[in-house]
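Number of protein chains: 2
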Amino acid sequence: MGHGADHPCPHPVAIPPPKPFFKSLGTSLKETFFPDDPFRQFKNQPPSKRFILGLQYFVPILEWAPTYTFEFFKADVIAGITIASLAVPQGISYANLACLPPIIGLYSSFVPPLIYAMLGSSRDLAVGTVAVASLLIASMLGKEVNPNENPELYLQLALTSTFFAGVFQCALGFLRLGFIVDFLSHATIVGFMGGAATVVCLQQLKGILGLVHFTQGTDLVSVMRSVISQTHQWRWESGVLGCCFLFFLLVTKYFSKRKGAFFWINAMAPLTSVILGSLLVYFTHAEKHGVEVIGHLKEGLNPPSLNDLSFGSTHLMLAIKTGIVTGVIALAEGVAVGRSFAMFKNYHIDGNKEMIAFGMMNIAGSCTSCYLTTGPFSRTAVNFNAGCKTAVSNIVMATAVMITLLFLTPLFHYTPLVVLSSIIIAAMLGLIDYEAAIHLWQVDKFDFVICISSYIGVVFGSVEIGLVTAVTISVLRVLLFVARPRTYVLGNIPNSVAFRSIEQYPVANNIPGVLILRVDAPIYFANANYLRERISRWVDEEEDRIKASGENSLHYVILDMSAVGSIDTSGISMLEEVKKNMDRRGLKLVMANPGSEVMKKLDKSKLIETIGQEWIYLTTGEAVTACNLMLHTCKPNPSGGEYDARDNNV
Amino acid sequence: MGHGADHPCPHPVAIPPPKPFFKSLGTSLKETFFPDDPFRQFKNQPPSKRFILGLQYFVPILEWAPTYTFEFFKADVIAGITIASLAVPQGISYANLACLPPIIGLYSSFVPPLIYAMLGSSRDLAVGTVAVASLLIASMLGKEVNPNENPELYLQLALTSTFFAGVFQCALGFLRLGFIVDFLSHATIVGFMGGAATVVCLQQLKGILGLVHFTQGTDLVSVMRSVISQTHQWRWESGVLGCCFLFFLLVTKYFSKRKGAFFWINAMAPLTSVILGSLLVYFTHAEKHGVEVIGHLKEGLNPPSLNDLSFGSTHLMLAIKTGIVTGVIALAEGVAVGRSFAMFKNYHIDGNKEMIAFGMMNIAGSCTSCYLTTGPFSRTAVNFNAGCKTAVSNIVMATAVMITLLFLTPLFHYTPLVVLSSIIIAAMLGLIDYEAAIHLWQVDKFDFVICISSYIGVVFGSVEIGLVTAVTISVLRVLLFVARPRTYVLGNIPNSVAFRSIEQYPVANNIPGVLILRVDAPIYFANANYLRERISRWVDEEEDRIKASGENSLHYVILDMSAVGSIDTSGISMLEEVKKNMDRRGLKLVMANPGSEVMKKLDKSKLIETIGQEWIYLTTGEAVTACNLMLHTCKPNPSGGEYDARDNNV
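Chains as they are written, first to last, in this note's numbering: chain R, 1 to 650; chain D, 1 to 650.
It is worth saying that the hints were derived from the structure and are not from the lab.
Check the hints yourself; a few may be wrong.
Each pair may be met inside one copy or between any two copies, as identical chains are not told apart.
[Unchecked claim] Heads up, simulated DSS-like pairs for lysine-lysine below, C-alpha to C-alpha not over 25 Å straight-line:
(1) K579 with K345
(2) K445 with K606
(3) K580 with K257
(4) K321 with K259
(5) K321 with K604
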């Protein structure tokens, strides 16, 4: 066999020009933390303009307020009033779910929306409390502090954990670590939300059945045990009322789904239920027949709660943990909702900036008696449907809530709790997205497994167990992809210079005497051993096949490196070993199309000299041409392969 | 712009033929757990032959024993005696390091090598105790049980943890989970071994300086504080003796390294030191002048220790944890050593089978008063250099140790501990592989960071901290690669149909009106958001560039999917959004060369219909040709691109 340098090599493989270490470090840090290039607009601007742009960057209201029109205002007022009519009953219901005083839920719809209107970059997001985070707060804090026995401490902890959630959200945003939220995959969220919705609905059995004693656990088993063991305590008045309102809410929901223009039916239904329920109780005195009511609500705006933040408490670690977990969950929902609606209207949302806005609003909230808020999907969808134009709709909502707080709280005295339970159940049923789960099963079985384990974890374990399981499985999937990358044998697609997997393209032809392998992942420590074994197994199998079919023996092994995006030192050692192994078997190792990262490492580790620069080709086609040329030159009677070397002489 | 179906599409992209769910599940499970295809040899064999092959598979001695020759035996006897001369002093030293009675170290060189000789598949591996695992046992168990105050309980725990290490190793092997060991990357191991060697050397300061009281901590700070605070307790006799023997050992090491044939000098040096040291103490009565000696060693073979395994103890969790950690570390060293030497001699080692062999030998060991053993590098290298042929050298070594145990233990009565410390230091200095660290820095900065953090973690924290840090950083690196994949703009390499990154190949030409992007990683939930933003940023930047240069406007965006090995449902949604986004901008999304996984998912999610089957091409070249054709047909005066569509008409 002649020396490689003899044959023509028309397209050398470039080693990327060396970059100084700190420059390449800078580039990769920038790609990691500033992928959206937020400084782009600051380029080539005078300092004064830069200052204004910087201010607008951190306080987006300064950007859009100057161009705000009366037309926008009209639209925003309508949208704002609509979401306020949803915010009041939902606020009370979710505060109930979080085992907090109902008034806290109303407070939470006043201050945070105002902060978000100034700092947030979404035009559609409506701020408010959410069911899942409320449930999480109740289940995490409830483990250490009983909200019925020690309501003050419980409230302090809820506010403190809201404060930490805000700090954590801000920190994620400032440190540009928003991509952590991306690790909650779509499949995880579908399963998690479905599970949480199921759990929240189960919790409402307490309200619907009018039970006084109820389990602290959130899992299906303890809830069902608690419900079934108390059959004699069920209150039919409460149950009938609950079922009626649930039916009413579901019917309105169904109608507004059928016709987009009827969205307001759905939006108004909760407030209507509250009014109807309150009137009913007021006139029938049902509160004396087992129908629990909200009772007295304090009038007046949010009292300051800075002194309630208890940093010296023995439960500080619990508050921090609760803050981080609920903060991440709230962020995931808020950012995803903001992004989805921005997609509809074709504007851009900066995830990290949104996190800072969410964080600031929760920090401010925790100082003004509000608990954790984010951008709930349901309220945002209503806002969007009502035709909101900017975040001013949040200001309008906050004003409406303010008026409620100042003058209308006595009206909620007779509101029955069972109506709130119905409102929660109706909202939650929409979150159990079984169609998405079916879609996952059809498209990607692994994603379905992630989704289901998340669901089962939440329903039978706890919210945290479900979340941790799903994230772990998701990460394991990524690691498994890297640990067990696919390798393919390539063949020539007839009438072309392209080489493709013979598994995907059964028409692809083998090249006699040449085995072409393709590695479909970066070569890292986690897969280096596997790849070494797998490559040698491919060669074994090819040699067995050749022996069986009586073809010409194998001479060349071409490694197509197109899909190898990166390589580490374990990978380099692996290639060295493969090279040695091939030499020992009397085979020639040829490389096709190594990328820039791979070429850099090959060069630095001197492996390029071991393999021989002349055995590295730009394309698989050129590598095959060269191998064929060598086979034809050195062997007087080569078996005529279907792939003719001259074809490729572009 | 005309419809895509009008232009010729010579090479359709194949959707891989549908596979039944359980078949594809089976294939991927097989690739994950049986990548080496161990059942291959069983195919097409009669049942009786299969039985024999199966027996040989699990007990490899049955495979090679029938062909064993007298020539082999001669070589193995020489190698066995050589490693025995190393095993005796090392066994005593390392048992000392693990805070176990010295005799346990000798026991551990008797039973485990016999088991390994039957079950192991390496021909070169010499079985024995290792310094790092010994240190780990001492530091982990020492946290709860003081070996000086409660030696019996401590011994029981060491044996119990050895038992669990064996069970864990066996389980990993049986469950085919050997790839877990691969997550300890080369860089991690270099840093970890270096750090552990440093820590072990520091511990020897106690023996060298003849200190009686010493810190329980293993980190640099507490050891140095302990040493410096006791300057008045230093014993010069001990120090001088230690330095002399250390010098002797290092000189012999240096010489045997210079000339391979002198390996036996290095191999014999420890035993020589022990004999010289013992004679010196015996004749000078140095044991009465501050030189501590081993003292009485019990004669006789390993006593059974099944009753010492304490499964009911309150420290059971500690024993299990210690067993798992030390078991993994021991496996990593043993498997890596076995593989390296198998590479030299060109035979194959099955990692999972090796794990079962290691596990069985530790389970058997724990029942016969042996503590954790594996295949230490130093002893195996000596075995290899001494010309061993099969695992019979282990049997010879075990026999030599047996004779020592039966008759020669009284000879070690006067062996000074300081000589053992010198032996350990001399062995450890070779493990601090600073050259490998420099190589890591040159080739891969990230690997260097992993290595150094592992080293610093071990030296300043503890062995576990170092290990956990390094593994976490390694895994984060993989996740970061997936979370922030590289994307490139491709250009046409002149005089070819190949398209490559214009960053790596500055000669590559842009195609006017067409932007070609390449994604260099699987598209997963972890990077879907990033990729969406990044793709839209590439398009923005390209449009800015076009605006600045006054070229023809952008019409087509080609996504080269060659390197996208896999995609999940989040990735599919991302592509859907990119498609919508491009439509909104009036750009056409074209795909080139999606792999089989991607095509399968595109097909199942109906995205293929949204994009249009006719906009998916086999190669980037064909996609560009089609785009150019459309541009030329629809526009009367196209700007003449350097890339001519007809070039590609192969």
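Notebook entry, point to check: Between copies, within a copy, both or neither: which fits K321 and K604 at Cα up to 25 Å?
Noted result: Classified as neither; 45 Å inside a copy, 41 Å across copies.
Check: Within a copy, between copies, both or neither: where do K445 and K606 come within 25 Å Cα-Cα?
Finding: between (43 Å within a copy, 16 Å between copies)
Check: What label fits K580 with K257 when the C-alpha limit is 25 Å: within, between, both, or neither?
Finding: between (67 Å within a copy, 24 Å between copies)
Margin query: With identical chains, the pair K579 and K345 could be close in the same copy or across copies; at 25 Å between alpha carbons, which is it: within, between, both, or neither?
Written below: Classified as between; 15 Å across copies, 55 Å inside a copy.
Next item on the list: Measure nothing new, just compare the shortest in-copy and cross-copy C-alpha distances for K321 and K259 to 25 Å and report within, between, both or neither.
Entry: This pair counts as neither: shortest intra-copy Cα distance 43 Å, inter-copy 61 Å.
Violated hints, in rising order: 4, 5; the structure is consistent with all others.
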